[in-house]
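According to my numbering, the stretch in the sequence shown is residues 47 to 506, in order.
Simulated from the structure, these hints should not be mistaken for lab results.
Only a predicted model underlies this, so the values are computations on that prediction, with no experimental measurement involved.
Hints should not be assumed to be uniformly reliable.
[What the hints assert, rightly or not] The list that follows gives simulated cross-link-like pairs (lysine-lysine, PhoX-like), each with its CA atoms no further than 20 Å apart:
#: 1; residue 1: K221; residue 2: K362
#: 2; residue 1: K140; residue 2: K496
#: 3; residue 1: K140; residue 2: K286
#: 4; residue 1: K501; residue 2: K361
#: 5; residue 1: K221; residue 2: K361
#: 6; residue 1: K361; residue 2: K142
#: 7; residue 1: K142; residue 2: K375
#: 8; residue 1: K371; residue 2: K142
#: 9; residue 1: K286; residue 2: K66
#: 10; residue 1: K371; residue 2: K496
#: 11; residue 1: K371; residue 2: K140
#: 12; residue 1: K501; residue 2: K362
#: 13; residue 1: K286; residue 2: K71
#: 14; residue 1: K66; residue 2: K293
#: 15; residue 1: K293; residue 2: K71
#: 16; residue 1: K371; residue 2: K361
#: 17; residue 1: K371; residue 2: K71
#: 18; residue 1: K66; residue 2: K501
#: 19; residue 1: K361; residue 2: K66
[What the hints assert, rightly or not] Across the chosen pairs, the derived CB separations fall in these ranges:
#: 20; residue 1: I494; residue 2: V267; range: 55 to 61 Å
#: 21; residue 1: Y92; residue 2: K293; range: 42 to 48 Å
#: 22; residue 1: S281; residue 2: E404; range: 24 to 30 Å
#: 23; residue 1: I85; residue 2: F167; range: 32 to 38 Å
Glycine included, every Cβ here is placed at the ideal spot set by N, Cα and C.
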Amino acid sequence: MDTAINDNKNRLDEFISNPKRSLWKLALPMMFGMMVHSIYMLTDTYFIGNLVGNDALSALGYVFPYMFIILGLTFGLGAGVTAVIARFIGEQSKLKADIASGQTILMGIVISIGIIVFTFFFKEDIFLIQNADQSVVDLASGYFNILSNGAVFLVFSMFIRAILSGEGDNLFPMKVLGIGTVLNIIFDPVFIYYFEQNGRGIEGAAIATVLSQLISCLILVYYLVYKKRSYIDFSVRYLKFNYNIIKEILAVGVPSSLSMIMMAMGAFIFNLLLNSDSAVAAFNLGSRIEHLFFLPIISISSSMVTLVGMFYGAKKFDLICSTIKYGIKYSLGFSISCLIFFLAVSQYIIPFFTDSAEITQIAISYFSVVSFSYPFVTIGMTTGRIMQGLGRGTPLLFITLIRVILINAPLGWYLRRVLELPVESVWYCILFSSVIASSISIVWMMRIIKEQENKISSVT
């Protein structure tokens with residue numbers, strides 16, 4: 047444990063002495079770990095699309111909003127954990143960081159129980175309300191039932207990664223994520239082929255996912271609890287409700303979770319507006335493909351939470367400003383590269399995952415419009431994570447509310463249901479809402495930075 051404490055102090059000193067290099071030190075392991083996971087997602091899509099069929103691809107699209115709610119709730123609260131632990135470490139408050147880890151485990155227990163109870167009561171009804179065909183509903187409910195009952199391993203893995211990220215260690219959790227993903231890629235065709243003999247190949251994919259998540263979770267628990275190689279001290283004595291610290295975690299985590307849940311609601315609304323199994327399959331396929339290429343941006347913005355949180359706790363405001371400028375510059379560069387890439391080659395990528403001409407054409411139309419939103423999405427994503435690092439989770443919530451609920455949903459409904467425009471109108475809603483949301487986000491971030499500058503000036 048003493049070694050872990052010294053390593054963490056050295057890590058904080060290193061971050062302060064060279065923040066630009068530290069940003070990449072945090073972002074690159076995360077990016078490569080997530081890249082392996084995204085490759086799995088595409089591999090999963092390939093096997094399901096080719097071994098099971100296009101109905102199974104549609105089923106994935108209908109499952110996506112609900113799995114995104116689970117991911118959003120866990121990832122959002124995890125962002126609160128990362129920001130709070132990073133700040134406590136910056137303040138040299140190890141005991142508070144230890145207590146925060148205990149509160150994280152308690153949240154994981156509550157969320158896991160809630161997911162299992164929800165699935166027990168609503169596992170099929172939630173797909174019927176999306177106007178899916180009964181054959182697709184059967185596939186979706188079987189797939190979701192297995193994933194949600196095994197979600198406890200996903201939840202705890204994500205929370206443990208959030209704790210380690212808060213102390214500046216993104217390398218080890220991403221190695222574990224990579225191991226789990228490689229196992230998933232290996233398990234996927236085996237289980238899909240075996241279960242497809244009984245017409246349940248998509249359930250085989252779900253079992254492969256849960257099994258790999260179980261192995262990843264066990265590796266993380268062994269590393270933290272038994273090997274005790276973390277700066278954080280995991281102990282039963284910290285598994286007691288602490289109002290003050292849980293409040294600080296929730297102050298950042300709840301708005302972040304709600305914002306991601308709103309995005310899941312947006313995907314649900316889009317499924318209703320698209321009103322076609324083929325269009326839903328194309329939307330899901332396009333989202334999975336673009337996620338792989340967005341990983342550098344996601345990794346940089348996620349790393350900003352740790353760096354900004356530590357610098358904020360250490361009262362190094364000059365480093366916060368320089369890191370923000372540096373991170374946004376490179377994130378925008380990556381997003382423009384993605385824009386150009388998808389405009390040039392999307393028509394060659396899509397047919398690899400499906401033999402349906404209709405799904406292919408709709409997915410190509412998706413990239414021809416949505417690609418132009420990437421720079422704006424990047425600004426909104428990065429500034430939102432920066433504000434989380436500063437302990438402000440509410441802005442991200444309101445910006446997502448504006449983008450998804452106040453713009454996307456009503457505008458999409460008007461274009462599709464009133465004017466009866468084709469599915470491409472939904473893609474233009476995504477572009478328009480991204481422009482508005484990013485403009486608000488960057489102004490909000492600059493205002494918060496100015497407030498902090500004035501606060502520091504008044505103290506000094």
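Here is how each hint holds up against the structure:
Restraint check for K221 and K362: not satisfied, since their Cα atoms lie roughly 31 Å apart, outside the 20 Å limit. Distance hint between K140 and K496 is unfulfilled; the C-alpha atoms sit about 30 Å from each other, more than 20 Å. Of the pairs offered as hints, the one joining K140 and K286 holds, with about 17 Å between alpha carbons and a cut-off of 20 Å not exceeded. Between K501 and K361 the alpha-carbon distance is near 11 Å, which keeps this suggested pair within the 20 Å criterion.
Simply put, K221 and K361 have alpha-carbon atoms about 32 Å apart, too far for the 20 Å limit, and the pair is violated. A C-alpha spacing of about 18 Å is found between K361 and K142, which places the hinted pair at or below 20 Å, so the restraint holds. For a cut-off of 20 Å, the pair hint linking K142 to K375 is broken: about 34 Å separates their Cα positions. At most 20 Å may separate the alpha-carbon atoms for a hinted pair to count; K371 and K142 exceed this at roughly 30 Å.
Restraint check for K286 and K66: the C-alpha separation of about 38 Å exceeds 20 Å, so the hint is violated. Of the supplied pair hints, the one linking K371 and K496 holds, its CA atoms being roughly 15 Å apart against a limit of 20 Å. Distance hint between K371 and K140 is unfulfilled; the C-alpha atoms sit about 30 Å from each other, more than 20 Å. The straight-line distance between the Cα atoms of K501 and K362 is roughly 13 Å, inside the 20 Å bound, and the hint therefore holds.
About 34 Å separates the Cα atoms of K286 and K71, which puts this hinted pair outside 20 Å; it is violated. Note on K66 and K293: the hinted pairing is violated, with a Cα-Cα distance of about 31 Å set against a maximum of 20 Å. With a C-alpha separation of about 30 Å, the suggested pair K293 and K71 falls outside the 20 Å cut-off, and the hint is violated. At most 20 Å may separate the alpha-carbon atoms for a hinted pair to count; K371 and K361 meet this at roughly 18 Å.
Of the pairs offered as hints, the one joining K371 and K71 holds, with about 17 Å between alpha carbons and a cut-off of 20 Å not exceeded. For the given pair, K66 sits about 25 Å from K501 by alpha-carbon distance, which is inconsistent with the 20 Å threshold. Restraint check for K361 and K66: the C-alpha separation of about 17 Å stays at or below 20 Å, so the hint holds. Between I494 and V267 the beta carbons are some 37 Å apart, a value that contradicts the proposed interval 55 to 61 Å.
Checked against the hint of 42 to 48 Å, the C-beta distance between Y92 and K293 comes to roughly 45 Å, which is consistent with it. Here the CB-CB span from S281 to E404 is close to 56 Å, at odds with the stated 24 to 30 Å. Here the CB-CB span from I85 to F167 is close to 35 Å, well matched to the stated 32 to 38 Å.
Hints 1, 2, 5, 7, 8, 9, 11, 13, 14, 15, 18, 20 and 22 from the list above are not met by this structure, while the remaining hints are.
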